[in-house]
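**Student:** One letter stands for each residue in the lines below.
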Amino acid sequence: MTATLEESPVTTRQPSRDQGKRFAYLLLLPALLPVVMLSAAPLLRGVFLGFTDARAGRNVDINFTGVENYRELLSDTQFWDAFKVGLIWAFAVTILQFGLGLGLAGLLNQPLRLRWLARTLALVPWAMPPVVVGIMWKLVYHPDAGMLNEAFSRVGLDGLRHNWLGDFSTALPAVILVGIWAGLPQTTIVLLAGLQSVPRELHEAAQMDGAGAVRRFRAVTWPALAPVVVAITSLDFIWNFNSFGLVYVLTAGGPGGKTMLPMLFAYEEAFRYGHYGYAAALGNVMVLIIVALLAVYLRRRLREAN
Amino acid sequence: MAGVKTFKRAAQYLTLCLYLVFLGFPLVWLLSISFKEPREMVELHPTLIPKHPTFQNYVTAFTEQDLARSALNSLIVASASAALTVLLALPAAYSLVRFKTRLSTITLGWVLVSQLFPFVLLVIPLFLILREAGLTNTRFGLILVYVTWSLPFALWMLQGFVRGIPRELEEAASVDGASRLQVLRRVVAPLLAPGLVATSLFAFISAWNEFFFALVLLKSPELATLPVTLARFVGVEGIARLGPLAAGSLLATLPSLVFFAVLQKRLAEGSLAGAVKG
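Protein chains in written order, with my numbering: chain A, 1 to 306; chain B, 1 to 278.
These are calculated hints, taken from the structure and not from any lab test. Ideal placement from N, C-alpha and C gives every residue a C-beta, glycine not left out. Check the hints yourself; a few may be wrong.
Here are the computed lysine to aspartate or glutamate pairs in the DMTMM-like style, where the Cα-Cα straight-line distance is at most 20 Å [as the list claims (entries may be wrong)]: (1) B:Lys219 x A:Glu150; (2) B:Lys5 x A:Glu204; (3) A:Lys21 x B:Glu170; (4) B:Lys100 x B:Glu170; (5) B:Lys51 x A:Glu150; (6) B:Lys100 x B:Glu171; (7) A:Lys21 x B:Glu171; (8) B:Lys5 x A:Asp209; (9) B:Lys51 x A:Asp144; (10) A:Lys258 x A:Asp81; (11) B:Lys100 x A:Asp18.
Now the stretches of chain B that chain A is said to cover, found in silico as 3 or more residues with beta-carbon under 8 Å [said to hold, decoys possible]: (12) 29-39; (13) 91-101; (14) 252-259.
Okay, chain A solo, but in the shape it has when bound (with noise of 0.2 Å):
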């Protein structure tokens, strides 16, 4: 009597279960058909690409072309110095919004007036347009209209006065500068919300303890602070390698190729030249470099926390 009372639930669940399954798929797959379409197919197709000669126009033939592409990549000048544009950009960018974030973060997190100004003033360049950041950037370095040549003259410095975009030596770090601008606020957020989740009493422990600001730092936050950092960091260096829209607008990555990280010139050789194959190894090329600079920081990182 009781064997069966239990096992009927089981028998009557069964078919349902399956059915579960089905209706299950059922409603995943609407989301998944775009994805694998626009994005997983793309992903394969963009791989592939790399080791053809396509180019634009109709009806050319594209032929697989092995490593070709990749050994003109080797010895093409242009590539190379884009190449160091864009790591010197998405390290710099990256490494200096994680230290502004970092003091930021840590002034939020006291008992201070005016916090809520930083705070929300820290929201607005999340807020705005890649490109309307980059206008707003431009007005602020124009060497007639702008803020800056303006607040030099202001006080006396006329000798700072500069085209500040426009100059082989200035262009990169000013849009550095607009670069961290932009991505402050989301690494400021994510780092705040890590020290906030810092236990307050073991900090009071670690007073009583007499250990000073450094040390609590060290003893305290930097073990519970450490796995935010990386992710953000990680992410921010990503994000920053992709950008395009900022740079786009603010100096189209002149002067002279100064500014022209790997996104624009990638840009430019697909749809301003037409090269797609080329291009598509140039982008191999940069997601390799990408996944082995972050491998090795994430390993390392690993490593230090155990």
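Chain B: place on chain A using the hints.
**Tutor:** Using the frame of chain A, we list chain B on its own:
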């Protein structure tokens, strides 16, 4: 001791002020230029406060055909993307939470990986695929791309909201004889309203702000979205035209500003933790 503390506080305030200047001044300058008359723009020493403040730039930005039309384009593309994203993400998120299948594991993995997608590698084949389908230079093609792009995060957000719905409620409904689809439509969807609003706003804003794909996929100026049109204005126009450019830029920022103002508290508490967490 007290002296050290006051000094520390003062240093903190000073640093905070420096941050405020860095974060705020570019915005103030953009605002200032948007209210300046063309003839003030060419003066040698620009001032922070416009000498003869005018709304003319905003009128120009609004009435100028290109900007108004692009704003309309952006509105169409962003609204359609948001609607379609939510329509696809809602059942999928529900499925991910309530049923554990192999496909759901793969989907969640993809959600994470998609954050790392290299656009360089994606854009060329995407362009070719859409061209083969005859969808380049159409709004629909761009909308499809935006939907694909915001789906991962939308799924992630909605998933958290679905988790918050007690399973008992659904069971009660199905005991009362409601079909699975009815449960989804009549019980789950209404309870998810706040999550749906947040998710669709997110999808709207990402589409509204996006520049790269819009630049690559749309060639006709009549179809261009706001960021593309604004970017085209840069450089080709003289200094006197900076005012309308600033005004147009500010107008283009308004929707996302409203969105962030609404979500400000949640965002400040830590990356939408309330929405994402289960």
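**Student:** Of the hints given before, which are not true for this structure?
**Tutor:** Hint check: 1 fails alone, others pass.
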